[in-house]
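Working from the sequences, and respecting the hints, build out all of it.
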Amino acid sequence: MTVRKRLLGVLADAALILYFVFALFPIAWMVILSLKPANQLFSTYFSFTPTLGSYRTVLGDSEGIPFVRFFVNSLVVSVGAVALSLLVGLPAAYASARWRFKGSENLMFTLLSFRFAPELTVIIPLFVLYQKLGLFDTYVGMIWVLQLVTLPLIVWIMRSYFADLTPELEQAALLDGYTRKQAFFKVALPLVKPGVAAVSLLAFIFAWNNFVFPLILTSNEAQTVTVGALSFLGGDRPKYNLTAAAALVSVVPPLLLALTIQRYLVRGLSFGAVKS
Amino acid sequence: MIGLRGISKAYGPVTALDGLELDVREGEFFCLLGPSGAGKTTTLKTVAGLERPDSGTVLLDGEDMAGVEPYDRGVAMCFESYALYPHKSAYDNLVSPLRSPRHRLPAAEARDRVHAVAELLGIGALLDRPVGRLSNGQRQRIALGRVLVRPARAFLLDEPLSHLDAKLRQQMRAEVKAIGDVQRTTTLYVTHDSVEALALGDRTGVIRDGRIVQTGTREEIWYEPHDTEVARAFGRPRINLLPGTVTEDGGFRSPDGKVELPVRAAAPAGTQVLVGVRPRDLSLTAPGHELTGTVYVTEVLGRSVEVTVRLGDQHVSLVAPRGDTAGLRPDDPVRLTVRPENLLLFEADGPEGPGRRIGKR
Amino acid sequence: MGWRLTLRPYLLIVPALLLTCGILYPFGLGLYYTLFDFSASKPQPDMVRLHNYETVFTQDAFWNSAWVTVLYAVGAAAAETVLGVAVALLLHRSSLVGRVLEKILILPLMIAPVIAAIMWKLMLQPSVGVVNHLLKPVGLGGVQWTDTPAGALLSSIAVDVWVYTPFVAILALAGLRSLPTSPFEAAAVDGAGWWYTFRRLTLPMLWPYVLVAVIFRFMDSLKVFDIIYALTEGGPGDSTVVLQIRAYLEAIRFQRYSFGISYTIVLWAVVYLAAMVLVKHLGRIQRKAAEAK
Numbered sequence: 001m002t003v004r005k006r007l008l009g010v011l012a013d014a015a016l017i018l019y020f021v022f023a024l025f026p027i028a029w030m031v032i033l034s035l036k037p038a039n040q041l042f043s044t045y046f047s048f049t050p051t052l053g054s055y056r057t058v059l060g061d062s063e064g065i066p067f068v069r070f071f072v073n074s075l076v077v078s079v080g081a082v083a084l085s086l087l088v089g090l091p092a093a094y095a096s097a098r099w100r101f102k103g104s105e106n107l108m109f110t111l112l113s114f115r116f117a118p119e120l121t122v123i124i125p126l127f128v129l130y131q132k133l134g135l136f137d138t139y140v141g142m143i144w145v146l147q148l149v150t151l152p153l154i155v156w157i158m159r160s161y162f163a164d165l166t167p168e169l170e171q172a173a174l175l176d177g178y179t180r181k182q183a184f185f186k187v188a189l190p191l192v193k194p195g196v197a198a199v200s201l202l203a204f205i206f207a208w209n210n211f212v213f214p215l216i217l218t219s220n221e222a223q224t225v226t227v228g229a230l231s232f233l234g235g236d237r238p239k240y241n242l243t244a245a246a247a248l249v250s251v252v253p254p255l256l257l258a259l260t261i262q263r264y265l266v267r268g269l270s271f272g273a274v275k276s
Numbered sequence: 277m278i279g280l281r282g283i284s285k286a287y288g289p290v291t292a293l294d295g296l297e298l299d300v301r302e303g304e305f306f307c308l309l310g311p312s313g314a315g316k317t318t319t320l321k322t323v324a325g326l327e328r329p330d331s332g333t334v335l336l337d338g339e340d341m342a343g344v345e346p347y348d349r350g351v352a353m354c355f356e357s358y359a360l361y362p363h364k365s366a367y368d369n370l371v372s373p374l375r376s377p378r379h380r381l382p383a384a385e386a387r388d389r390v391h392a393v394a395e396l397l398g399i400g401a402l403l404d405r406p407v408g409r410l411s412n413g414q415r416q417r418i419a420l421g422r423v424l425v426r427p428a429r430a431f432l433l434d435e436p437l438s439h440l441d442a443k444l445r446q447q448m449r450a451e452v453k454a455i456g457d458v459q460r461t462t463t464l465y466v467t468h469d470s471v472e473a474l475a476l477g478d479r480t481g482v483i484r485d486g487r488i489v490q491t492g493t494r495e496e497i498w499y500e501p502h503d504t505e506v507a508r509a510f511g512r513p514r515i516n517l518l519p520g521t522v523t524e525d526g527g528f529r530s531p532d533g534k535v536e537l538p539v540r541a542a543a544p545a546g547t548q549v550l551v552g553v554r555p556r557d558l559s560l561t562a563p564g565h566e567l568t569g570t571v572y573v574t575e576v577l578g579r580s581v582e583v584t585v586r587l588g589d590q591h592v593s594l595v596a597p598r599g600d601t602a603g604l605r606p607d608d609p610v611r612l613t614v615r616p617e618n619l620l621l622f623e624a625d626g627p628e629g630p631g632r633r634i635g636k637r
Numbered sequence: 638m639g640w641r642l643t644l645r646p647y648l649l650i651v652p653a654l655l656l657t658c659g660i661l662y663p664f665g666l667g668l669y670y671t672l673f674d675f676s677a678s679k680p681q682p683d684m685v686r687l688h689n690y691e692t693v694f695t696q697d698a699f700w701n702s703a704w705v706t707v708l709y710a711v712g713a714a715a716a717e718t719v720l721g722v723a724v725a726l727l728l729h730r731s732s733l734v735g736r737v738l739e740k741i742l743i744l745p746l747m748i749a750p751v752i753a754a755i756m757w758k759l760m761l762q763p764s765v766g767v768v769n770h771l772l773k774p775v776g777l778g779g780v781q782w783t784d785t786p787a788g789a790l791l792s793s794i795a796v797d798v799w800v801y802t803p804f805v806a807i808l809a810l811a812g813l814r815s816l817p818t819s820p821f822e823a824a825a826v827d828g829a830g831w832w833y834t835f836r837r838l839t840l841p842m843l844w845p846y847v848l849v850a851v852i853f854r855f856m857d858s859l860k861v862f863d864i865i866y867a868l869t870e871g872g873p874g875d876s877t878v879v880l881q882i883r884a885y886l887e888a889i890r891f892q893r894y895s896f897g898i899s900y901t902i903v904l905w906a907v908v909y910l911a912a913m914v915l916v917k918h919l920g921r922i923q924r925k926a927a928e929a930k
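Protein chains in written order, with our numbering: chain W, 1 to 276; chain U, 277 to 637; chain R, 638 to 930.
Hints were generated in silico from the structure; no laboratory data involved.
Careful, some of the hints might be misleading.
As the list claims (entries may be wrong) - Not the full set, but computed from the structure, chain R residues with beta-carbon under 8 Å of chain W: (1) Ile660; (2) Val751; (3) Ile752; (4) Leu904.
Virtual Cβ for every residue (Gly too), placed ideally from N, Cα, C.
Below you can see the structure in the form of structure tokens.
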């Protein structure tokens, strides 16, 4: 019995390891590719003389692709989108958690439907509209359209955090002599701060990882890393090592952030439908 | 001082308050007693301005409070959940009202005040602790302390003792009443515990289904309960309620004729009634109107004994000194006595509600 | 004073409402465009009423795209569900290996899908890609991964599975960890076997959690774009042209705006219907699970 049990345990661990090889090998392979010198790219697989040359090329803009600027663009539009969503989303989330009323239910439902709407439904008209308004290939245009990604996430998840918070804490603050605004900032907000931090980071990651908006609504000035990384694959001769380096550089911020918010991910990923 | 006039409040299809009327006098300790769901907390929150009534008027010192924000009403409230700020220390919880724009005390003065209140409540040593690391009893004291630190027109206390174990509850009950500020300040105290209400309240209001059923001193509520349910709510063991009818001469007779009592009912003969007699008003030895039955079961309650006696189809319980019950065994015949002036008479309970008390001639 | 109390919640949502309208406006505009024959070559469009939709539904290209989209969504969602739940069950044993690996479970999920597709594109390259190199010893050296219709679709699904299996696994694991322990203890006392326990206890109680994941995955993969755009661009031929790719080609490549938007509107309707059905189903399942507890 115990022998059989132990054997099953080993098998289960082996199956897990197999999955994680599948999950992690592509990342490892990108690291290898990005460290390969160009002349060993296709001649070898696992033995090569590592070099940081690809990173130097990618970050030195020497292929005519201003990757550093794309990186900065990604940073600006993602932070901007999250900040705007927080600014308008937190009050809305709070209001709809504290007072159920028709307007807020409609707003919540509309935001949820954004989450599941095909992006192109909105982008194609925006593509036409932005060119008229001069918002094509601008930060403002990108931050606006990224609300489609960040606003539903922030409002829905913060609503679930606020709803978990008993209103009696804010009521106690009111009776202590604080105004409603003070009750929100001194009591409610500090208590959901971990939630705000986690959902902001998650929204940042999703904004950063977005591809279809910058693909269609930017061309150069406001282009982001996801589109930038793909352009290394273009041209007549695909530059595998450079592509790998660019891909890795562009996944560093989301990966680092993701590891810091593990505990809050479940609620974030499920839009507040599953709490852990 | 606190006046509620025709307050109604519904949450969707659920009616919480249904034309509630209440008057609490200046400096009074008023207990609001009722089962859960009767509207007690809603009443407090309405007074505090945390809930807006659908209709009706809240008066504080005769002033209409409509549109007055909670922070401008000058009342202090202790929540049943305590509602302590979980991210702050005990001290910061206590000092919170004194730092607010309404009270804003200089830091040193606030500190002295907090320490004085903490001393009074015996929590002086806990002030640095985060509230997450306090026991229920300690949290309860902090919550009470947060009410006491600042001047208030009225204290609103929502079941402040309900989460404590029996021993602590008894101790705190005595302490609360002894606090000087509580003695001086109008206090509206909500509880579902009738013992607490009788022990603490200068007057008690019984609330049921969003209305006040009866208001009175403990004597009034004890001796002149409005209906059978109020009578049942007070006293352990519970009041005995025997069904029967009014006889031609205004007496009481049970359906099987085994129990007859001279109650002098102010009701026509044949009226279906319940006669109420408290277990402590029945005796095995004292003179009075006699009834005979058989012992059903006896249960020792310390120095006294609860004896349940079968009278025909009915059971009645009585509490007697231990000495009077020596040698009583189940099925022993027993003679009990009752003083007619201690009997209460009610209409029979009907589908529309518990039976009301009927006067005597 | 009273009106301020009534208005406060509305005031708080006004900014979000405005921003939402800012997003709804292009959506409405798009809907309006579909009634015209607006394109780059015809900037002064004429009203054509429902003609665009008529064209969509009578085109073979649409039905092909719809079919590919459904294949992709069903295949990806099904594979991710099975694999994700399996991974969650294995991690739930919390062996030493599991506890270590759980920390990095989410990595693929946090990589932009388009970057993931790029990574796999490099690996699946038929002649110099590392996958074929590793498969050579088993005699599968020269697989034309993305160059055959079936291979391209399967490869795209594989990338989707690579990215999103952790999503299902994370939600399922959260579900597993929140299950009550007493039914399992009772089953163990009764001597129930592993399979019986899994079928009769674990799966039914876990299902509401898994269903949340399935809904998200199915609806998201109906509107897949990034992965296919980077991996196959819809090729070879039309074999992986899912609906959003078709809309992109029509509207952006060929600049037939009105016609392209019509495609997305149809897709939107499909996603919306799927959402309604699934969410209703979820509500029923959750109620049932709540009653069982």
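Comparing the hints with the structure gives:
| no. | hint | result |
| --- | --- | --- |
| 1 | Ile660 | holds, 6 Å |
| 2 | Val751 | holds, 4 Å |
| 3 | Ile752 | holds, 5 Å |
| 4 | Leu904 | holds, 5 Å |
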